Amino acid sequence: MIRYILLRILWLIPVIIAVSLIVFSLMELAPGTVVDAMMTEEMTEEAREELIRRYNLDRPMLYRYGLYMLNLLQGDLGTYDTTGADVWREFITRLPNTLILSFTALIIGTVVAIPLGIIAARRAGTLVDNTVTVFSMIGMSMPLFWLGLLLLLAFSLHLRWLPSGTFDDGIRSLILPALCSSFTLMANAARQTRSNMLEVLKADYLRTARAKGVPEEAVIRRHALGNAWIPIITAIGTSLSVQLAGSVVIEQVFTWPGIGRMAAEAVRARDVTAATGVVIMTSILYVLVQLIVDLLYALVDPRIKAQYLSAGKKRKKRAA
Amino acid sequence: MRKFRRSIALVISLLMVAAIVAACGPANQAPAGPGPGQPAQTPGQPAAPAAPPAMVAPAAPDPTAIFAEHIDVIKDNNNVGVLNPLSPAANNSPTNWSFIMIHDRLMELDFDTLEFVPSLATAWETEDYQTFTFTLRDDVVFHNGDRFTAQDVANTVELARELGAGSQGGSFWAPVESFNVINDTTIELTLSGVRVDFYFNLAMPAAGILNRRAIEADAERGFWVGTGAYSVGEFVPNDFIRFVRNDDYWNTDKNILTEQITLRFVPEMSARTIRMQRGESQLSFGTSAEDLPLFQAEPENFEVYPLTFNNPQGLSFNMNDPITGDHNFRMAVAHAMDKDVIALMAASEWAIGDYFTGTIWGYNTEFRNNSIPAIPHDLDLAREFLAASNYNGEEVEIAAAIITNIRAAQALQHQLAAIGINARVAEFDSPGLNAYMIDPNSGSQMVFFNIVMNMSSASFRNIFIPGGPQNRMFYNNPVVTEMLDEVATMLDASEREAHFMRLQEIVAEDIPFINVFWRINGILAANGIGGVGLPPDNQQADLRELFYIIGYN
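Just so you know, the sequences run in chain order X and G.
Counting in the numbering used here, the first sequence runs from -1 upward without gaps.
Counting in the numbering used here, the second sequence runs from 376 upward without gaps.
Pulled out of the complex, with its shape left as it was, chain X reads as follows:
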């Protein structure tokens, strides 16, 4: 198991190299550089050329990329090309805001979606099932910026129950962005839960359990749900990864000071160092969440746990 975890963590190295190279290349392809983003009416040609030299924009992209990677090898994400601020410090300042938002959305989404999915599966073909299906379809197809604006209009402007965003009003500020953020997750997980439960509910072992007199609640909770967990966890894990990777849209609509806005601002300012830094860090987060999801598989499914353990035993046997 430990070997598996280490191997997955080692996979981060090629991921980081690939991601940073892609970001550097995309920023290179975009028209304009950080110097163009900083142009003012007072900036003379000499000053512009000095800045171009300062940021090594007169050198090939691979040279700048090499320099960046050398710094990264020493654990340094660098400083903003534009402001000179430390990228790591900025990221770590904003990360808790994104974590709070993402995990709140995760909790809301999971708590609502899984019971909804179970109810829909148990009452397949009824009005309840159709309603959940329609809700899921809307949740998955509605653009988040649109939903965010609707929530703002409804709860902030018309009903005046909640603030319109920013981070000033404590937990009340969190409700709307978290609700909006959870919507896709909720829809996705509800749909996934419903379809897996439908499949499992037809299985022979459930019929056997019922025939043995196991109460229906226990059949659903212990036998059905236990076997339907894996795809549900996958759906939730993927949604969480996407949210952690920076809910740019949510953070823009609700003026939420998270890493999504950091990334958006870095790209807008053509700040390659900041953009690459934030993308690398979010890629690491993405990989770690996926790793946790994989480990959760072993927790909920004894067959997968047994696979991990038997692989370890085989290796030990070979070594002996």
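Misleading hints may appear alongside valid ones.
To be verified - Some but not every residue of chain X turned toward chain G, in silico, with C-beta under 8 Å:
#1 Ser23
#2 Leu27
#3 Ala35
#4 Glu43
#5 Ala45
#6 Leu49
#7 Thr206
#8 Ala209
#9 Ala296
#10 Asp299
#11 Pro300
In case anyone wonders, no lab produced these hints; they're calculated from the structure.
Because the structure is a prediction, the values reported are computed rather than measured.
Quick reminder that beta carbons are idealized off the backbone N, C-alpha and C, glycines included.
Using the hints provided, position chain G relative to the given structure of chain X.
Okay, now just chain G, sitting in the frame of chain X:
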């Protein structure tokens, strides 16, 4: 039964869709006609661009009024990433507004008279516009308690040299070759050459006096230390700045009434509107023209102040391009465009076509020549010029970046089609457009954008000389260049004026740029807001005396 269920599901779905559509409707119905605060000028009216109100104020601050301790101000996503005047990234309007709050300059510019008024310097003199002597105040302290002396001016000059490459602050102090600190309250600055516009440099927000000791102690926050009316309480880059009143501020002539002011950057336009509607913010510099009627419908709660910036939105031509470099082609475009329609398309009622004069000059820039006639909208003349040009029906490009200019470019595209010019619109973001226009090999032809024009006539050197940072047209008229070289050393103001008048005529004949429309920006304030300085130069909005009277009506 199945049919019944399906019908129920369908009804529920339709209800949900209806609810969504209903929620999208406006909170209040906008009035059909113009409301209070709407600009007096409407497209087509032959009047000069509106002079902005110098101050937004419902009344003189009443000593019995109850002033809010904290005011929340919205700015759009044109945000502040750094509060360091020597950083190249400190390059936009809210950054300059912030500098005005925290750093004092040696002198300030009175926008009504275009004269300089004392700030940290009480007097100044020069005989040759190369050596300047400043007498300074002796009762000023920095936010960190250090006393302000002439040495701080010298330190600022040195810091600008050491750290200011490419920055606004660096460029303002760059002409200083040497300094001589005579005593604590007197300093002499000697420039590398004659600079008749040097006072303009010193009055710019990014030319504030810095505290070297603070900067050496903390390379980031040290730049926040100034002598200004407010200090920085909290700054989250690109999100907000909270200013805290400096209770020891030296300038007792100013009414610094508010304890805390937050300048907040809200990227989403609807969120800006909702913040104002909910009263979470009291002043907004970023409400969209489309949403302003919502507030005009509530005159008991809100006021909209029109502000016209000094520089018009316009169309630039690449003078090196074989098509747009042809004078006849440019004249054809100028006659073909209906500026009023373009203004209307670009910003509805919040813009006005520029048929006032043909000069390419800020409306409040010194020595403006108002006698140059504007080129009229005349399709027959346009066709005649086009026939005389070397245009052969090929596709020409109009590039633009921000939404207002993109709409304007699209309107122009249709108008050019009427005389047979086949144009397409290329959309960019701002850095992309900058790079595109600067690159002589990019193939750009026409670009809708605004040349930044400040109050100093000398700034037009940047616009009209070959290689000037604002010369995106690749304009190169040796006569104009020579005139600009000559005027830079003219000490007599009336001589300079005559020179600039003639220069504007020559440039207008060359037509490298067309002033198309003046944007009227609606500054939205809750009733009770006052004390905002709104100069035509968008870079210098002054929030130091901002106040909000609670319960004002």
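Here's how the hints hold up against the structure:
| no. | hint | verdict |
| --- | --- | --- |
| 1 | Ser23 | violated, 17 Å |
| 2 | Leu27 | violated, 11 Å |
| 3 | Ala35 | holds, 4 Å |
| 4 | Glu43 | holds, 5 Å |
| 5 | Ala45 | holds, 4 Å |
| 6 | Leu49 | holds, 4 Å |
| 7 | Thr206 | violated, 31 Å |
| 8 | Ala209 | violated, 30 Å |
| 9 | Ala296 | violated, 40 Å |
| 10 | Asp299 | violated, 35 Å |
| 11 | Pro300 | violated, 40 Å |
The earlier numbered hints that this structure contradicts are 1, 2, 7, 8, 9, 10, 11.
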